[in-house]
Each structure stands twice: as C-alpha cells, then as structure tokens.
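There are 2 protein chains.
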Amino acid sequence: MLNDLLATRVNPDVPSALSGLFVNDPDPRAISFAAGSPNESLFPVAAVKEAFNTAIDTQGAHLFQYQSTQGNPDLRAKLAARIGKWGRVTTTADHVILTVGGQQAIELVAKALLNPGDEVAVEVPTYVGALAALDLYQPTYYGVGLQADGLDLDVLETTLKRHPGIKLLYTVPDFHNPTGITMSVAKRQQLVALANRYDFIILEDSPYRDLGYDQGPLPAIKSFDTEGRVIFVSSLSKILMPALRTGWLVADGDLLAAILKVRQASDLEATGVTHAAINAYLDANDLDAHVTVLKDHYREQCAAMVAALRAYFPDEATFTTPAGGFFDWVTLPESVDVDQLLRTQVMPNAHVSYVPSTNFYPARDVHNGMRLCFSGLTPDVIDAGMHRLGDQMKAAVRGVKPVF
Amino acid sequence: MLNDLLATRVNPDVPSALSGLFVNDPDPRAISFAAGSPNESLFPVAAVKEAFNTAIDTQGAHLFQYQSTQGNPDLRAKLAARIGKWGRVTTTADHVILTVGGQQAIELVAKALLNPGDEVAVEVPTYVGALAALDLYQPTYYGVGLQADGLDLDVLETTLKRHPGIKLLYTVPDFHNPTGITMSVAKRQQLVALANRYDFIILEDSPYRDLGYDQGPLPAIKSFDTEGRVIFVSSLSKILMPALRTGWLVADGDLLAAILKVRQASDLEATGVTHAAINAYLDANDLDAHVTVLKDHYREQCAAMVAALRAYFPDEATFTTPAGGFFDWVTLPESVDVDQLLRTQVMPNAHVSYVPSTNFYPARDVHNGMRLCFSGLTPDVIDAGMHRLGDQMKAAVRGVKPVF
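Order-wise, the sequence lines are chains A and B. Everything in the first sequence is counted per the UniProt record's numbering, starting at 1 for the first residue and increasing by one. Everything in the second sequence is counted per the UniProt record's numbering, starting at 1 for the first residue and increasing by one.
The shape of chain A in the complex, shown without the other chains (with noise of 0.2 Å):
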C-alpha cells in the first residue's frame, strides 16, 4: 500500500540493473565471473593500515571534523596532476571532486543534467552501475554500437542528426565494462568535435585506464576538451581498494559548479579520514610500481580466460579479446538466452554465474551476451569454471541439456 507512496524513478516491479551482479550460489564448488571485484589478494593492506595511521598522528582530531565538500585538497592535486601525466589532460587540484567511489561520479553528473524524458546517448552494452544511476533520472535512452576501436561514431552521428536534442553520452573508453573494448586515440579526438557540432557533454568513465596489461594510458577524451563539455570519472576502487570507497571527477566552470552544488546536498562530503590516509598512502608509495604488480597478474588472468574460451566454448560463440581490465564479453546465437539458462541450467548444474547480457542494454532486450569477469580468480580457477561454463554453452548452442 505505502508502493503508492513511492516516487516513478523507482518502479519496484523492475528489478535494480545492478541486482544481476551479485548471484548468490550455495554451493562450496560455485564459480563466480560475475561480480566485478579486484583480486583482493594483491591489496596492499600494510601499507594502508600504515597510511592512516600516518594520517591520524600528523592531523589529530582535526582530521575527523567536517572538511569540504569537494575533497581533501593533497589528494586532489594528486589526482589532478596523475590525470595530467597519464591522461595528457591538463587540470588542477581546483577542478577535482572526490566522490564515493566511481559510482557516485556518475550519478552525480546524471543528477545536475538530467530532468525527466532527456535524451541521453550510451555505448550497448554499457556499464550496468551506470544505467542504474541513469535510470534515477528517467531519461530517453539511445544506445550506439561498439566496434573494435570502440564506440561506432557514424552510428552515434546519424542518431544525433535524428535526436539533436541529446545533451550526454555515457562512455567507458578504457578496457570498457563490459566488453573490455578501447576506443582508439583519433576516435577519442572526433568524438569531442561532434560534442561541440551537437552541443552535448561527454561522461568519461574510465576507471580501468591503467590497467592495460602490455601498454601505458591513452590519452583521456577530456585531454581533446576544447569547451570543457567532458566530464573524466575515474577510481581508485581497480588500482587500490573498493572498501576506501574513493573515486574522482574533473569537471570546468558551470558544469563543476552544478555538481558541487548536487553533491552537497546528496551527502555533504565523502569521507575524510580515508582521504586523507590514501594522500598518506601515496606520499609513501608509488602506485604506479603497485600497478605495474597488478597488470601483471590480471594479464595472466586474462590470458587463461581467453584460453579457456578458445578450449570450451562451442565454435559459434564469439569473443572479445581485451587488452586490459577485468571483463571478456561472449556472444551466443541469437537463439540462446543465457538469462534463462544461467538461472535454469549453470547455476543449477554447473555451479558457475556470470552477468547476462540484459543488464548491459537500457531496454533490457539483448539475451545472448555475457559478461565474463576473472579479475578476481586464479588461473587454474577459471579453468575449471570455464570447462562447465563452455560445456553448458556447448549443451545450449546444440539444444540439448547436458547430464551431470
């Protein structure tokens, strides 16, 4: 009864995009390539434990006090000149907003843009986090294809000359989530001419930029911002650890100002004692040395993946092959519908999940994908798991239902 109570935005009878990921199965031999999560094997715990012990005897009680709304200033300027270095963007401490985690980034941005029924423009797939954040803000979605060098910018062109009211588009140009794609350098270049041809702005998620196994950072799409129309997102949840909760934007003039306004309304500021221990943590560590560490393992992790899919899987799958991050992305016939069959036949009998395809495109109407996570697995681990997964594929592509 109290349902009627309930704002549009949240429409309880669809389930949450992001309520997908996290498919809980019982069984001790269960597999999971669903949930995105780093290897947490590789967090550097004693060197944070020393850092915001560093924190609290340099600062003392002022440190736990109301701060600003815009973040820890060492940190900013941190950030702002690594973006610089890595990102080719130039930018100051001033143009940064600390935000909780990447997640909030995005729908921050959602929230000082969109009224209800604005057009917005998306990769499909997409970031599933990323939708459910859009979604709040009820707008009209229109989804543009990937190609191999990332977002198809003809299709995205003739979808603005037909929609020229569409004022975002959402893009994860690094090792995007979920099909682990990189837009090129002279896509990033045109991409920000046809924001200022078709006055729209330009969301920037890029929280896997550093994580290219066998190459350094492109330069970001806002490094080509001529009108300050590309907001950059990034995380430090890949690199470092989700659990700081700790991601950043850069943003210029009326756009940085209206999401500082929306952002300390939503939750005042994010939180300063991890700020400031992850300012510490980087004054007395190299995160690039601690990067270089991670790319190494999720290399292998991938290169496993990758294997397993070319062991395993039935011939009529196709494959992403990334460069870099944490995803692969697996095509099935159309006639498969890995939604029905992850509830009804892997998870049952193989004890393996993995995100379906559904929850990566805004109308839900896409059955035959599949997201394949290994960030958080060791090799041998998803061998195993991709062994039951392809057998289950091979099963489905062939309609018959395998016997265990």
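FYI, nobody ran anything at the bench for these hints, they're computed from the structure. Where a beta carbon is used, it is the ideal one built from N, C-alpha and C, also for glycine. Careful: at least some of the hints might be erroneous.
[Unchecked claim] Okay, derived cross-link-like pairs now, EDC-like style, lysine to aspartate or glutamate, Cα gap no bigger than 16 Å in a straight line:
hint : chain 1 : residue 1 : chain 2 : residue 2
1    : B       : Lys49     : A       : Asp315
2    : B       : Lys49     : A       : Glu50
3    : B       : Lys85     : B       : Asp288
4    : A       : Lys394    : A       : Asp315
5    : A       : Lys394    : A       : Asp337
6    : B       : Lys394    : B       : Asp315
7    : A       : Lys49     : B       : Asp57
8    : A       : Lys49     : B       : Glu50
[Claimed, not checked] Here are some, though not all, of the chain B residues that point toward chain A, as calculated from beta-carbon distances under 8 Å:
hint : residue
9    : Leu5
10   : Val100
11   : Thr158
12   : Asp254
Starting from the known structure of chain A, fit chain B onto it as the hints suggest.
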C-alpha cells in the same frame, strides 16, 4: 552556455541552501556561531585510531573489498540495539541501512519518494541541509510552525485537510536544528496517528537525540509506528566524529526496499573500512560514557550562550532555551534583516557570524531570525563573541550604526 544543459533542479541562479552556512571571515578575531560542527577537542582520537588498527588486523584484505549496499552487519546490529534501548524502537539489523552521514539518508528518502511537484510538509524553520536534499526532487513545500513542545499539530492537520496529497513530513524532533526545540511524547504519538489517517510518510531526523543535557532520550516517533510509515534517521557525526561520515536509517517493507534500490544506484555502498572501525570502537569502548562527557561540555556551552543572550541582546529579541543539542534560535523584530546585517555590519565590523533565518525557510522569506551554534566554542569565546554580536543587534534594533 553549457548552463542550458543543466537539469532544472540545479537552478544555478539560486545559491545552495547550504552555502549560507560557511561564511569565511579572514580576520583572526573572527568568531563563528554559524557552522554546526561538534567540538573536536572531545573526539576520541586514540580510541578510534586503535579501532582502525583492530579492524584491519582482524579482517585483513577482505575488509577492503566491495561489501554490501546495506553496510556492515555487525554495526547495523549494534545501531538497531541502540535505538531499541534508547528510543524504544523494536527493529533489527535487517531494517538498518548505513549511509554517508544523515545527509545521504535524507537525500535517499527524498529520491525514493518524490516526483517533481509532490507535496511535502516541513517544520519552519527547518534544517537547511534537509531543504537542500529535498530541493533536488523539486517538491511543493508546506511549512508548519513550531511550539515549545514541537510541531504545531493543529496547523499540520489543517494543512493536511487542505492538501490531502502531502506524502512526506520531515521533522527533527529532538533538540531541533535550528531552534533546539524538542517534540513532546504525546505529540509523537499524535503525529503517527495523523500519518495513518492522512496517508503520509514521516521522516524522523534525529542526530542530536543523545545530547539532552539533563535528560535521557525520549521514545522515537518511530517507536509509535504501526504501519511502517516512519523512517528514522540518525548519525554518528554529532556523538562520535563527522569525518567518519556514518549516518543510518531504519525503515520497513516497501520503503526499505525502495531506499536500498536507489542507494545502490547512487554510490553502491558506503566506506566499509570506516564502518568496521566504528564497529571495533563500539566493541572496545562505552559510547554512552563518551556521550556523557559530551553532554557535560555542551550543557556548559549552552548555558554560556543563554547567559550572553540575556546579558547582551536587546530586550526586543526573543530566544529559545534548549535542553540539548547545539543550537539556539533568536528572533529579532520584523524590521531587522539579519541577512543584510551579517554582510554589511556584523562580519565587517564585529567579525562574528551566524546563519540567517532565510536559509531555514523553504521560501527563504523570513529575515529576522538567526541560528547560533555554540558547540565548537569555549564559554569565554561565546561570551566575547556574543558581546560583540549583541552590540550589533542593539544598534540594529535602534536603527543606529555602532562605531568601532
């Protein structure tokens, strides 16, 4: 130009309701009665540092992984027990959500309930940050005045009869921000009866409930809830430390599910490492003993404020005499515009600040009140600042500009 792309909720021409709180005066003699910050000299820094170490040592790397949207279950259980003991609310950890301060809890409730134009009742004056959070969802406000024992329920019922669509009432029942007023137990019961009769939700925001100088906390409004219509919000910012950014809410049924859904989309989850540290702090320390220390200090500071109001303010001023919390509310004759006075006289000449009443009214239309916060200042400083402020107010009431 990019301003054209902002959502109407941002309204860049209107300053944030919260921006009036933080007026900077470069003069070293400046005394601020503006910001509602707790007294940081009372923060249990050593115990909290120890708690961070305990949490990290006990849980290791897994502490820094993604955890849950609802938040640390041990801490939720402790908070559920706490509001059971002190507020007589029968609830469990399953009904608690940990939030980024009480501010996020308010914003999440607004997000879960309000479509643009939806009708909301608020106390006038009311907490400036609640207005900022509610403003994001563009409600139609109805203000209901306060009496010595809290919300004027006769006016509320008249308002409900005229506007039966009102779906939410926001109230700060304990040591109200900004007036210091506490709602009587009888009114709490009657308010729930009104909510049942007129089908609205009560958002009970109670961050100061533990800080009654000479009394224990009253039963929460939520303790009288018979239909799951009351959402209880509190925070550790005022009784522990703000920079831990830990608020919490208690809700039931459909409302709980809706809030959890919009919360997951907003920032996935709050800072796990901080929640584990708070949980470890509560295992090793007696929070109620700490609260007793706080009460002794705030009692003394409040007494200094009330004595200074009697000694230095013009007879034409009326003021509240709080029995707990951080705030006193002063009303000047209607001819006095405290907003203009602050900028043109009080700050430049007396180097004292306060928050003008406009910030606490949805229509920003009441100019002759001020919130004075005494929580961060010693009795000597309160006396000195109030002497200077009182001289300004006497001059304003007499229409004479004081000479310095």
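Verification of the supplied hints:
Proximity of Lys49 of chain B to Asp315 of chain A is assessed by CA-CA distance (about 56 Å); at most 16 Å being required, the pair is judged violated. Restraint check for Lys49 of chain B and Glu50 of chain A: the C-alpha separation of about 11 Å stays at or below 16 Å, so the hint holds. Straight-line distance between C-alpha atoms of Lys85 of chain B and Asp288 of chain B comes to about 12 Å, which keeps the hinted pair within the 16 Å bound. For the hint linking Lys394 of chain A to Asp315 of chain A, the alpha-carbon distance of about 9 Å falls within 16 Å, and the restraint holds.
This hinted pair checks out: Lys394 of chain A and Asp337 of chain A have alpha carbons roughly 13 Å apart, not beyond 16 Å. Note on Lys394 of chain B and Asp315 of chain B: the hinted pairing holds, with a Cα-Cα distance of about 9 Å set against a maximum of 16 Å. Distance restraint check for Lys49 of chain A and Asp57 of chain B: the Cα-Cα separation of roughly 9 Å lies within the 16 Å cut-off, and the hinted pair is therefore satisfied. Between Lys49 of chain A and Glu50 of chain B the alpha-carbon distance is near 11 Å, which keeps this suggested pair within the 16 Å criterion.
Of the supplied interface hints, the one on Leu5 of chain B holds, with its beta-carbon coming within about 5 Å of a beta-carbon of chain A, less than 8 Å. Evaluation of the Val100 of chain B hint against chain A yields a held restraint, the C-beta minimum of about 4 Å falling below 8 Å. With 8 Å as the threshold, the beta carbon of Thr158 of chain B stays out of range of chain A, its nearest partner Cβ sitting at about 21 Å, so the hint is violated. The criterion of a C-beta within 8 Å of any C-beta in chain A is met by Asp254 of chain B, whose closest approach is roughly 5 Å, and the hint holds.
Figure legend: structure checked against the earlier numbered hints; hints not met, in rising order: 1, 11.
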